[in-house]
Amino acid sequence: DTGVSQDPRHKITKRGQNVTFRCDPISEHNRLYWYRQTLGQGPEFLTYFQNEAQLEKSRLLSDRFSAERPKGSFSTLEIQRTEQGDSAMYLCASSSTNPTSGGTYEQYFGPGTRLTVT
Amino acid sequence: SQQGEEDPQALSIQEGENATMNCSYKTSINNLQWYRQNSGRGLVHLILIRSNEREKHSGRLRVTLDTSKKSSSLLITASRAADTASYFCATAQGGSEKLVFGKGTKLTVNP
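In order, the protein sequences belong to chains A and B. The first sequence stops at residue 166 when you use the numbering used here, and every number in between is there. The second sequence stops at residue 129 when you use the numbering used here, and every number in between is there.
So here's chain A without its partners, still in its complex pose (with noise of 0.2 Å):
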């Protein structure tokens, strides 16, 4: 399967305890993005990465939350110091751009990984 791969699926952490989940995009894809989703909304952008840069950020991602993609294939998602509101599903995706017009086509996602604060 070439898809995009999340581990682990699942996560139970008490709170205060650092998390880290990883992500592997499909392999021609040059862009890869996390998102987090809570029950009943649908998925809010926190960071996506060009190769190994992070180019964008959102104020949702707080300094307790780092990413990172270090040889521009697979990425972490480290979150520091957990809070029972970090519960959440975290997804990855991965998209590529078009080589000649810059344009980014659809992002495909992973299953995800549901976090669990106690």
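Calculated directly from the structure, the hints in this document are not laboratory data. Even glycine gets a Cβ: it sits at the ideal position worked out from N, Cα and C. Honestly, I wouldn't trust all of these hints.
Unchecked claim - According to the in silico footprint, chain B covers these stretches of chain A (three or more CB under 8 Å from chain B):
no., region
1, 55-63
2, 80-91
Stated by the list, open to error - Label pairs and their calculated CB-CB ranges:
no., chain 1, residue 1, chain 2, residue 2, range
3, A, Thr86, B, Val62, 16 to 22 Å
4, A, Gln102, B, Ala96, 42 to 48 Å
5, A, His58, B, Arg98, 27 to 33 Å
6, B, Ala96, A, Asp111, 48 to 54 Å
7, A, Gln132, B, Ala96, 40 to 46 Å
8, B, Gly77, A, Lys105, 33 to 39 Å
9, B, Asn36, A, Pro56, 35 to 41 Å
10, A, Asn99, B, Gly58, 27 to 33 Å
11, A, Ser106, B, Thr95, 35 to 41 Å
12, A, Asn99, B, Asn128, 34 to 40 Å
13, A, Leu87, B, Thr82, 27 to 33 Å
14, B, Asp84, A, Lys62, 47 to 53 Å
Claimed, not checked - Here are a few chain A residues that sit away from chain B, every Cβ distance over 12 Å (derived from the structure):
no., residue
15, Thr68
16, Ser75
17, Glu104
18, Asp111
19, Lys119
20, Ala141
21, Glu154
22, Gln155
23, Tyr156
Starting from the structure of chain A, add chain B where the hints point.
Just chain B, lined up with the frame of chain A:
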């Protein structure tokens, strides 16, 4: 904050009927995309329509876009029980590549 508003919030129909969902947005866009999400799962891309397009078809799906009214609609024809899911519209705006999602329409297709 979320850009789009889907309407209705929930829709229940019988198998074989058509389902229409609407999406309104606030700012100018580069493109608008529709996604499906089965309960507790990831999002599946359905269709992308660019700002200079008015209508697009994919199988049983038909999407329209009216940029003057800042609205889009998704029509699913001859619905099936397997179409039961939440449907989201998402917009890409200006120079940003992020998608801004609405709250979604929850569609239930009864067998």
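Against the structure, the hints:
no. : hint                           : result
1   : 55-63                          : violated (count 0)
2   : 80-91                          : holds (count 6)
3   : A:Thr86 / B:Val62: 16 to 22 Å  : holds, 20 Å
4   : A:Gln102 / B:Ala96: 42 to 48 Å : holds, 44 Å
5   : A:His58 / B:Arg98: 27 to 33 Å  : holds, 30 Å
6   : B:Ala96 / A:Asp111: 48 to 54 Å : holds, 50 Å
7   : A:Gln132 / B:Ala96: 40 to 46 Å : holds, 44 Å
8   : B:Gly77 / A:Lys105: 33 to 39 Å : holds, 37 Å
9   : B:Asn36 / A:Pro56: 35 to 41 Å  : holds, 40 Å
10  : A:Asn99 / B:Gly58: 27 to 33 Å  : holds, 32 Å
11  : A:Ser106 / B:Thr95: 35 to 41 Å : holds, 37 Å
12  : A:Asn99 / B:Asn128: 34 to 40 Å : violated, 47 Å
13  : A:Leu87 / B:Thr82: 27 to 33 Å  : holds, 30 Å
14  : B:Asp84 / A:Lys62: 47 to 53 Å  : holds, 49 Å
15  : Thr68                          : holds, 19 Å
16  : Ser75                          : holds, 18 Å
17  : Glu104                         : violated, 6 Å
18  : Asp111                         : holds, 20 Å
19  : Lys119                         : holds, 20 Å
20  : Ala141                         : violated, 8 Å
21  : Glu154                         : violated, 5 Å
22  : Gln155                         : violated, 6 Å
23  : Tyr156                         : violated, 6 Å
Checked against the numbered hints listed earlier, the structure breaks hints 1, 12, 17, 20, 21, 22 and 23; every other hint is satisfied.
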